[in-house]
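Participant: Here the structure of chain A is known, so what remains is to put chain B in place on it, guided by the hints.
Protein chains: 2
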Amino acid sequence: MTMRDGEKPAVHGSLFVVSAPSGGGKRTVLRKVLDRDGKAEYGVSATTRPPRPGEVEGQDYFFLSQDEFQRRIKAGEFVEWADVHGNLYGTLRSELKRVTASGRDVFLELDVQGMRNLRNAGIDAVSIFIMPPSLDALEARLRGRGTNDERDIAVRMRNAEAELDARKEFDYVVINDDVDTAVADVEAIVRARRLESARQP
Amino acid sequence: MTMRDGEKPAVHGSLFVVSAPSGGGKRTVLRKVLDRDGKAEYGVSATTRPPRPGEVEGQDYFFLSQDEFQRRIKAGEFVEWADVHGNLYGTLRSELKRVTASGRDVFLELDVQGMRNLRNAGIDAVSIFIMPPSLDALEARLRGRGTNDERDIAVRMRNAEAELDARKEFDYVVINDDVDTAVADVEAIVRARRLESARQP
Numbered sequence: 001m002t003m004r005d006g007e008k009p010a011v012h013g014s015l016f017v018v019s020a021p022s023g024g025g026k027r028t029v030l031r032k033v034l035d036r037d038g039k040a041e042y043g044v045s046a047t048t049r050p051p052r053p054g055e056v057e058g059q060d061y062f063f064l065s066q067d068e069f070q071r072r073i074k075a076g077e078f079v080e081w082a083d084v085h086g087n088l089y090g091t092l093r094s095e096l097k098r099v100t101a102s103g104r105d106v107f108l109e110l111d112v113q114g115m116r117n118l119r120n121a122g123i124d125a126v127s128i129f130i131m132p133p134s135l136d137a138l139e140a141r142l143r144g145r146g147t148n149d150e151r152d153i154a155v156r157m158r159n160a161e162a163e164l165d166a167r168k169e170f171d172y173v174v175i176n177d178d179v180d181t182a183v184a185d186v187e188a189i190v191r192a193r194r195l196e197s198a199r200q201p
Numbered sequence: 001m002t003m004r005d006g007e008k009p010a011v012h013g014s015l016f017v018v019s020a021p022s023g024g025g026k027r028t029v030l031r032k033v034l035d036r037d038g039k040a041e042y043g044v045s046a047t048t049r050p051p052r053p054g055e056v057e058g059q060d061y062f063f064l065s066q067d068e069f070q071r072r073i074k075a076g077e078f079v080e081w082a083d084v085h086g087n088l089y090g091t092l093r094s095e096l097k098r099v100t101a102s103g104r105d106v107f108l109e110l111d112v113q114g115m116r117n118l119r120n121a122g123i124d125a126v127s128i129f130i131m132p133p134s135l136d137a138l139e140a141r142l143r144g145r146g147t148n149d150e151r152d153i154a155v156r157m158r159n160a161e162a163e164l165d166a167r168k169e170f171d172y173v174v175i176n177d178d179v180d181t182a183v184a185d186v187e188a189i190v191r192a193r194r195l196e197s198a199r200q201p
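Residue numbers (the working numbering), protein chains in the order written: chain A, 1 to 201; chain B, 1 to 201.
Each statement offered as a hint is correct.
Below, computed lysine-lysine pairings styled on DSBU-like, alpha-carbon distance capped at 35 Å:
#1 A:Lys-168 <-> A:Lys-39
#2 B:Lys-74 <-> B:Lys-39
#3 B:Lys-39 <-> A:Lys-168
#4 A:Lys-39 <-> B:Lys-39
#5 B:Lys-97 <-> B:Lys-32
#6 A:Lys-168 <-> B:Lys-97
Calculated from the structure, these hints are not laboratory results. Source: prediction; values computed, not measured.
In isolation and in its complexed conformation, chain A is listed as follows (with noise of 0.2 Å):
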């Protein structure tokens, strides 16, 4: 017996990966649960790509140099990384270090494949798909951003269907039909997460 009144946890965070078809509508789930969260950050990647205006460095993203970031692969720094375009994006193993080891937990948006990235690493993460309700809702929510000409448009239901065929491989499966029930699954994901035995003191 070790329970004590007022015994502070000292448990490291944990992370959530999530993933989305692109026009899933992930970024406004996770906006939302973040906003509403005071124990829970996103992580912030690095990147090649040069800082748009406005951008800080440390806050948006980690501002490296193809060098730089190359020297950090070799090293055995990122947990995840990929060549998107041409620039380089990636998660630094301290970044997630720095925000678990306070207690809090972080999020990553990553897409599938560096959802397997993350987990062949041996990372502990509570991966979290976040499906549209169907293909049909997908390409009407695709359009109604009205920024997609048709060739996109095609690509990236292509893409869709291969990634919605790989939600079976993350932990949690969210139907982002209605905004607020994707958001209320996604918080008692991590409600959940958080009662694990493991997990408390």
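Facilitator: Showing chain B alone in chain A's frame:
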């Protein structure tokens, strides 16, 4: 890709096992959870103790004779059973199947040994330990009931200490400091379980 609009899940319900030291407030928490949850119910236990006035066969308990209970033990029909002061209590495999096959979730209140028996029988269950905020609070709650004498309280406190040590064997630990918070905790665990990718179509 098998996602179709309006497709119905063909997934079985889950089994939730809830344990708590006597005075932990388990019953109050579970009653609130089940009152609000349209997809879960209590599993009905079998017992050899005679029905009390008003108790209904198949609703409060399955009332079995000693011979019938023993016969079913030998036939392997119980997933767990226990002798409590000469009366036998147990959970029939058929009862769990009846509920979960309908897609509904079933809740069992078991003591720590009952949870272990279930686990050892290879039954897939989500186990939740409901903990009083502290031993002091537990003792105050036992006294507050006004129904226990000093010796009874001392016995219950000793049992509680032993049971609290077992909390790490459970999947989840919910601290029942505030009833509404504990209810929301259990609801989050249930909601998260239903969102597991393996439990979705």
